[in-house]
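Using this note's numbering, you'd call the opening residue of the sequence shown number 1 and step up by one each time.
Hint data in this document are derived by calculation from the structure and do not stem from the laboratory. Worth double-checking, as some hints may not be accurate.
Claimed, not checked - Restraint-style ranges between C-beta atoms, simulated for each label pair:
(1) D203 <-> F61: 45 to 55 angstroms
(2) E159 <-> T215: 20 to 30 angstroms
(3) P91 <-> P118: 15 to 25 angstroms
(4) I119 <-> R56: 43 to 53 angstroms
(5) R84 <-> E159: 22 to 32 angstroms
(6) G77 <-> E172: 51 to 61 angstroms
(7) I79 <-> M165: 39 to 49 angstroms
(8) Y170 <-> P118: 31 to 41 angstroms
(9) A130 <-> V51: 30 to 40 angstroms
(10) D203 <-> I79: 24 to 34 angstroms
(11) E184 <-> A216: 17 to 27 angstroms
(12) L171 <-> S137: 32 to 42 angstroms
As the list claims (entries may be wrong) - In silico DSS-like links for lysine-lysine, alpha-carbon gap of 25 angstroms or less:
(13) K104 <-> K73
(14) K127 <-> K143
(15) K127 <-> K104
(16) K143 <-> K104
Glycine residues also receive a C-beta, built at the ideal position from the N, C-alpha and C atoms.
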Amino acid sequence: MVHTMDLGCGVREGFAGGFDSVMPRLALLDFWTCAEYIECMSRFSPLNWPVVRQIRGGDPFGRDVNTQSQKSKDKRGRIEEADRVVQSVCPYCAVGCSQRIYVKDDRVIQVEGDPDSPISRGRLCPKGSASEQLINSASRLTKIKYRAPYSTEWQELDEDTAMDMIADRYLEARRNGWQDTDDEGRRLNRTMGIAGLGGATLDNEENYLIKKLFTATGAIQVENQARI
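Sequences and hints are given; from them, build the entire structure.
Quick look at the structure:
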């Protein structure tokens, strides 16, 4: 039967038979491996244990920096490297939690809750806390893409061209679905070719303007995400 013995620092030694048979094998370890092993184990000295540091440092309750390891002390938060902090609102839902956006070299490096907000008081849900991943995701689209009918390729459009295309299609759908009167001659003045959907990722003012726009153009199919 083959046994293995963990010597630490990633060194594992295999041997057959009883544990007595491992001693001759250990003697075959070269000096460099033994020195590396001793150096590695010295880092795990009992003097470096947190509880020992607490007692030696006069902090038996573990409320001071003596409980921190050197590795923890050497770490620095990402927000320390930020050039500036920008206040914003989380885009995910209608609660409107406030955020602090930490920016370095015109790039977002961290997103945290804003403790000055009377709504969220510095708290963020998991989605809001992960906003930085949304902003810096490699899959995020930063340019307008358009695929023509029956095409398999996407092409980039500038904002003015895209807005003109949307406006043209909106007016065409309104015109094609327009109804002046019903079958009995009653006045309707509506279009059935347009439908509007508001959402929680929009603020109150944006939803209000969407409702005014669709109502003014004769659309009656106006809904909100909350009713679906």
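Hints versus structure:
no., hint, verdict
1, D203 <-> F61: 45 to 55 angstroms, "holds (47 angstroms)"
2, E159 <-> T215: 20 to 30 angstroms, "holds (26 angstroms)"
3, P91 <-> P118: 15 to 25 angstroms, "holds (19 angstroms)"
4, I119 <-> R56: 43 to 53 angstroms, "holds (46 angstroms)"
5, R84 <-> E159: 22 to 32 angstroms, "holds (27 angstroms)"
6, G77 <-> E172: 51 to 61 angstroms, "holds (53 angstroms)"
7, I79 <-> M165: 39 to 49 angstroms, "holds (42 angstroms)"
8, Y170 <-> P118: 31 to 41 angstroms, "holds (38 angstroms)"
9, A130 <-> V51: 30 to 40 angstroms, "holds (36 angstroms)"
10, D203 <-> I79: 24 to 34 angstroms, "holds (27 angstroms)"
11, E184 <-> A216: 17 to 27 angstroms, "holds (26 angstroms)"
12, L171 <-> S137: 32 to 42 angstroms, "holds (35 angstroms)"
13, K104 <-> K73, "holds (23 angstroms)"
14, K127 <-> K143, "holds (24 angstroms)"
15, K127 <-> K104, "holds (22 angstroms)"
16, K143 <-> K104, "holds (22 angstroms)"
Checked against the numbered hints above, the structure violates none of them.
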